[in-house]
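Visitor: These are the residues of each chain, in order.
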Amino acid sequence: MNSALDPKFTEIDQISEGYRAAGYICNRSIATTLYLAHHLGKPVLVEGPAGVGKTDLAKTMATYLELPLIRLQCYEGLDESKALYEWKYGKQLLYTQLLKDKLDRIIDPEENLSESMEKLHRYEDVFFSKKFLEPRPLLKALEQAEGAVLLIDEVDKADDEFEAFLLEILSDFQVSIPEIGTIQPGTRPYVFLTSNSTRELSEALKRRCLHLFIPFPDASLERDIVRTRVPGISGRLEIQLVTFIQQIRQMDVKKPPSIGETIDWARVLLLLHANDLNPDLVRETLHVILKFEEDIRIVSQNIFTMTDISVRSAGN
Amino acid sequence: MDQVLQNFISVLRESGVPVSISETLDAAHALEIVGYGDRKVLKDSLGSSLAKSAREREVFDRCFDQYFTLEMPSVETASDRCGESAQTEFPLSPLSRMLLVGDTPGLIASMFQAARRANLESLRYPTQKAFFAMRMLDTMGSGELDRDIAQLGESGSPLPLKISADLADARRSLFESIIKFIEDRFEMLSNGTYNHLIEDYLRNSRLTHIEERDLHRMHAIIQKMVKRLNDLHSRRKRTARRGMLDFKRTLRKNITYEGYLFVPAWKTKKIERPDIIVICDISRSVSRLVRFFLLFLYSLNREVARIRSFVFCSNLTEVTEYFEKYPVEAALAVIQNGAGLDILMGRTDYGRALQDFRENGMDSLTRNTTVIILGDARSNFSDPRPDILRSISQRCKRLLWMNPEVPTFWGTGDSEMYRYSPYCTLLQECNTLNHLERIIGSLLRH
Numbered sequence: 000m001n002s003a004l005d006p007k008f009t010e011i012d013q014i015s016e017g018y019r020a021a022g023y024i025c026n027r028s029i030a031t032t033l034y035l036a037h038h039l040g041k042p043v044l045v046e047g048p049a050g051v052g053k054t055d056l057a058k059t060m061a062t063y064l065e066l067p068l069i070r071l072q073c074y075e076g077l078d079e080s081k082a083l084y085e086w087k088y089g090k091q092l093l094y095t096q097l098l099k100d101k102l103d104r105i106i107d108p109e110e111n112l113s114e115s116m117e118k119l120h121r122y123e124d125v126f127f128s129k130k131f132l133e134p135r136p137l138l139k140a141l142e143q144a145e146g147a148v149l150l151i152d153e154v155d156k157a158d159d160e161f162e163a164f165l166l167e168i169l170s171d172f173q174v175s176i177p178e179i180g181t182i183q184p185g186t187r188p189y190v191f192l193t194s195n196s197t198r199e200l201s202e203a204l205k206r207r208c209l210h211l212f213i214p215f216p217d218a219s220l221e222r223d224i225v226r227t228r229v230p231g232i233s234g235r236l237e238i239q240l241v242t243f244i245q246q247i248r249q250m251d252v253k254k255p256p257s258i259g260e261t262i263d264w265a266r267v268l269l270l271l272h273a274n275d276l277n278p279d280l281v282r283e284t285l286h287v288i289l290k291f292e293e294d295i296r297i298v299s300q301n302i303f304t305m306t307d308i309s310v311r312s313a314g315n
Numbered sequence: 000m001d002q003v004l005q006n007f008i009s010v011l012r013e014s015g016v017p018v019s020i021s022e023t024l025d026a027a028h029a030l031e032i033v034g035y036g037d038r039k040v041l042k043d044s045l046g047s048s049l050a051k052s053a054r055e056r057e058v059f060d061r062c063f064d065q066y067f068t069l070e071m072p073s074v075e076t077a078s079d080r081c082g083e084s085a086q087t088e089f090p091l092s093p094l095s096r097m098l099l100v101g102d103t104p105g106l107i108a109s110m111f112q113a114a115r116r117a118n119l120e121s122l123r124y125p126t127q128k129a130f131f132a133m134r135m136l137d138t139m140g141s142g143e144l145d146r147d148i149a150q151l152g153e154s155g156s157p158l159p160l161k162i163s164a165d166l167a168d169a170r171r172s173l174f175e176s177i178i179k180f181i182e183d184r185f186e187m188l189s190n191g192t193y194n195h196l197i198e199d200y201l202r203n204s205r206l207t208h209i210e211e212r213d214l215h216r217m218h219a220i221i222q223k224m225v226k227r228l229n230d231l232h233s234r235r236k237r238t239a240r241r242g243m244l245d246f247k248r249t250l251r252k253n254i255t256y257e258g259y260l261f262v263p264a265w266k267t268k269k270i271e272r273p274d275i276i277v278i279c280d281i282s283r284s285v286s287r288l289v290r291f292f293l294l295f296l297y298s299l300n301r302e303v304a305r306i307r308s309f310v311f312c313s314n315l316t317e318v319t320e321y322f323e324k325y326p327v328e329a330a331l332a333v334i335q336n337g338a339g340l341d342i343l344m345g346r347t348d349y350g351r352a353l354q355d356f357r358e359n360g361m362d363s364l365t366r367n368t369t370v371i372i373l374g375d376a377r378s379n380f381s382d383p384r385p386d387i388l389r390s391i392s393q394r395c396k397r398l399l400w401m402n403p404e405v406p407t408f409w410g411t412g413d414s415e416m417y418r419y420s421p422y423c424t425l426l427q428e429c430n431t432l433n434h435l436e437r438i439i440g441s442l443l444r445h
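Chains as they are written, first to last, in numbering that gives the first Met the number 0: chain A, 0 to 315; chain B, 0 to 445.
Treat the hints as calculated values from the structure; they're not laboratory data. Model, not experiment: these values are computed from the prediction. One thing to keep in mind: the hints can contain errors.
With a straight-line cut-off of 27 Å between C-alpha atoms, the simulated DSSO-like cross-links for lysine-lysine are [what the hints assert, rightly or not]:
{"hint": "1", "chain 1": "A", "residue 1": "Lys90", "chain 2": "B", "residue 2": "Lys252"}
{"hint": "2", "chain 1": "B", "residue 1": "Lys226", "chain 2": "B", "residue 2": "Lys128"}
{"hint": "3", "chain 1": "A", "residue 1": "Lys253", "chain 2": "B", "residue 2": "Lys161"}
{"hint": "4", "chain 1": "A", "residue 1": "Lys87", "chain 2": "B", "residue 2": "Lys252"}
{"hint": "5", "chain 1": "A", "residue 1": "Lys99", "chain 2": "A", "residue 2": "Lys129"}
{"hint": "6", "chain 1": "B", "residue 1": "Lys223", "chain 2": "A", "residue 2": "Lys253"}
{"hint": "7", "chain 1": "B", "residue 1": "Lys266", "chain 2": "A", "residue 2": "Lys90"}
{"hint": "8", "chain 1": "A", "residue 1": "Lys130", "chain 2": "B", "residue 2": "Lys266"}
{"hint": "9", "chain 1": "A", "residue 1": "Lys254", "chain 2": "B", "residue 2": "Lys324"}
{"hint": "10", "chain 1": "A", "residue 1": "Lys129", "chain 2": "B", "residue 2": "Lys266"}
With beta-carbon atoms standing in for the labels, derived distance ranges [claimed, not checked]:
{"hint": "11", "chain 1": "A", "residue 1": "Leu280", "chain 2": "B", "residue 2": "Arg283", "range": "52 to 58 Å"}
{"hint": "12", "chain 1": "B", "residue 1": "Lys128", "chain 2": "A", "residue 2": "Gln72", "range": "17 to 23 Å"}
{"hint": "13", "chain 1": "B", "residue 1": "Trp265", "chain 2": "A", "residue 2": "Gln72", "range": "19 to 25 Å"}
{"hint": "14", "chain 1": "B", "residue 1": "Val333", "chain 2": "A", "residue 2": "Gln72", "range": "35 to 41 Å"}
{"hint": "15", "chain 1": "B", "residue 1": "Gln127", "chain 2": "A", "residue 2": "Asp12", "range": "43 to 49 Å"}
A few chain A residues facing chain B, derived, Cβ under 10 Å [as the list claims (entries may be wrong)]:
{"hint": "16", "residue": "Thr31"}
{"hint": "17", "residue": "Lys41"}
{"hint": "18", "residue": "Val43"}
{"hint": "19", "residue": "Leu44"}
{"hint": "20", "residue": "Arg70"}
{"hint": "21", "residue": "Asp78"}
{"hint": "22", "residue": "Ser170"}
Where a beta carbon is used, it is the ideal one built from N, C-alpha and C, also for glycine.
Please put together the full structure from these sequences, using the hints given.
Guide: Encoded structure:
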């Protein structure tokens, strides 16, 4: 499938390179999964803690392949009318009212009732044609001739029913609209589903996807990420900063800092023209990486030792 | 399909990763694409197509490392101790020869072959280990080895005697290798089955008899049961929640606009949650059960039910806020020992508890409320006040009583069960997880 895009998927390393060029550092296991997703033509279910770049994975895929990204944000109560398609009821109603006069002309006053009905039947599909169809993300993704990257974000927030409804799309990449028929795409979209594991997804859904778990990155990968995202940062500071963050993740905090927060912190420190971490600087900027008062308190207690370890890890 | 992959998948299944047929096919396709060349790529590819959650991935990683291991079973041979000449001079069996010459690859090959012949894959219980070891030894030719040792030992001259002694040593180490080999296999194969057995046992055993070390298992089982109940009931609840055009209301709403229909009206949501009040006896006789019961209820809390809970011993107090403030497990710990609660852990007094409830909780009873009382109704001969229970029963929708004692003990000694029973909609014995599940399941069905 997707043979036109094959040159971008011949090697696993090529994918990581392409992603790196787009500003996303992915390790080999992520690249392997993407490689397989392409060759098997399967959706990818991405799980992991908040802020490890699950959503960005899909966004970068769109940049890499130069395809449009179509995003569907899931929430409780999401149903097919918001995800797949909806009839433009208002427009339909308005048109019926506006066309009232036309009806008189179509129907000859001389005719009897059954003949008029017969005539009307010829027009009945007018109101249920594509003109009155409002495509929502899922249908939109299938309609793209060149293919697309479809991101179904936080699928665990949606109801079980919606999950069941996704099955048809994920396994056959087609949808049926009773009034129009089955819609099949010219090119299969790349599908990413993300989940924060707030609840267990159904077996059926998991079965149709490749599974990718993205944990917090290890120190060297995280440094790589910081370097790519915040190019101006000095090598020393970058090592110190990542060491500090990695230490916090080992601690028992409510919300461990994510990669996004590491990057924010790096930017802040760059703005402050910091060369080294020191306890005061860290204390003043701690709220950038920690979002709970309690977490800040826990970390503040150990701030001296942690800063010390970080500074020492960068050498002299 | 690839035999190696197939065996690996059966190992995974045994270890508790439910691999479906379609996932097997995916893995096979993935294997065609990536091949066996790169271990890391192979692991990631199989992992993403076979393991579908973080927990499964953990199991997968362990199995993968065990299964696709390069570490061969080590076999110590007698090669350094005995010359090549020995095997030419005496007619020895192939196994003895291999042991003498130190043909490790040959021995390993024959060990794997023996494992296959002995059908080692069917190993399930620890008690079968010795049996399989015997079978494997037999297939490898241990009978001939024994004979060789005996014959050489009888000859009396120094060289054969030495060979015989060496062989005996080698035989011992071969035994050990085989046992080790079987142990490793057992580790890999039996994990799942054994867990399954324990789970079955726990579901049906008395909650009060469950030991501390099994608690985490219980929690896992409860989570599983809760998930099923949630799935079952949240679906029913949501049938009324479709965002569809409500034609009748649309017509009615648009009468104002001279019948021109341009404000559509939608079908709206309707959510029905059972309203539950729990009253638990936390005296020592039932505290274990209470723990599981509350764990069960509060796992449901988020999705299905709205719960207020009271606990009592000598008097009664409300603990709902603890569940709101702390995670369930922490709240349970507080409740179980009664520390920091406004409660006297003296003699259980059902009359006093009911009286306290009448003062504090009676107002919140509506005709939608289900009241659940958990306790053995042993009131230490104080006045049980069944009249209060009657008024509770009259004001609520249902009154369920769960008694951890078996029915034959009801009404004996200080048990007041039969004085309370006329006012209970349902009175049931409850002392295993399966009981709990059944009762709570019926709670949601109405």
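Visitor: If a hint holds in the structure, say so; if it doesn't, say that too.
Guide: To see whether the hints hold, each was checked on the structure:
A C-alpha spacing of about 17 Å is found between lysine 90/A and lysine 252/B, which places the hinted pair at or below 27 Å, so the restraint holds. Between lysine 226/B and lysine 128/B the alpha-carbon distance is near 37 Å, which puts this suggested pair outside the 27 Å criterion. With a C-alpha separation of about 69 Å, the suggested pair lysine 253/A and lysine 161/B falls outside the 27 Å cut-off, and the hint is violated. Between lysine 87/A and lysine 252/B the CA atoms are separated by roughly 18 Å; this keeps the pair inside 27 Å, and the hint holds.
At roughly 21 Å between alpha-carbon atoms, lysine 99/A and lysine 129/A fall within 27 Å of each other, so this suggested pair holds. Between the alpha carbons of lysine 223/B and lysine 253/A the distance comes to roughly 25 Å, so the proposed pair stays at or under 27 Å and holds. The straight-line distance between the Cα atoms of lysine 266/B and lysine 90/A is roughly 19 Å, inside the 27 Å bound, and the hint therefore holds. A hinted pair counts as satisfied when its Cα atoms are at most 27 Å apart, and lysine 130/A with lysine 266/B qualifies at roughly 24 Å.
At most 27 Å may separate the alpha-carbon atoms for a hinted pair to count; lysine 254/A and lysine 324/B meet this at roughly 18 Å. Of the supplied pair hints, the one linking lysine 129/A and lysine 266/B holds, its CA atoms being roughly 24 Å apart against a limit of 27 Å. For the pair leucine 280/A and arginine 283/B, the supplied restraint of 52 to 58 Å holds, since their beta-carbon distance comes to about 55 Å. For lysine 128/B and glutamine 72/A, the hinted distance range of 17 to 23 Å is not satisfied, since their beta carbons lie about 54 Å from each other.
Between tryptophan 265/B and glutamine 72/A the beta carbons are some 21 Å apart, a value that agrees with the proposed interval 19 to 25 Å. For valine 333/B and glutamine 72/A, the hinted distance range of 35 to 41 Å is satisfied, since their beta carbons lie about 38 Å from each other. The hinted range of 43 to 49 Å is satisfied by glutamine 127/B and aspartate 12/A, whose Cβ atoms lie roughly 47 Å apart. The interface hint given for threonine 31/A holds, since its Cβ lies 4 Å from the closest Cβ of chain B, which is under the 10 Å cut-off.
A hinted interface residue such as lysine 41/A counts as satisfied when its beta carbon comes closer than 10 Å to some beta carbon of chain B; here the least separation is about 7 Å, so the hint holds. Nearest Cβ of chain B to the Cβ of valine 43/A: about 8 Å, under the 10 Å cut. The hint holds. Interface restraint check for leucine 44/A: the shortest CB-CB distance to chain B comes to about 7 Å, inside 10 Å, so the restraint holds. Nearest Cβ of chain B to the Cβ of arginine 70/A: about 20 Å, over the 10 Å cut. The hint is violated.
Because the smallest distance between the Cβ of aspartate 78/A and any Cβ of chain B comes to about 5 Å, under 10 Å, the interface hint for this residue holds. A hinted interface residue such as serine 170/A counts as satisfied when its beta carbon comes closer than 10 Å to some beta carbon of chain B; here the least separation is about 9 Å, so the hint holds.
Hint compliance for this structure: hints 2, 3, 12, 20 are not met, and every other hint is.
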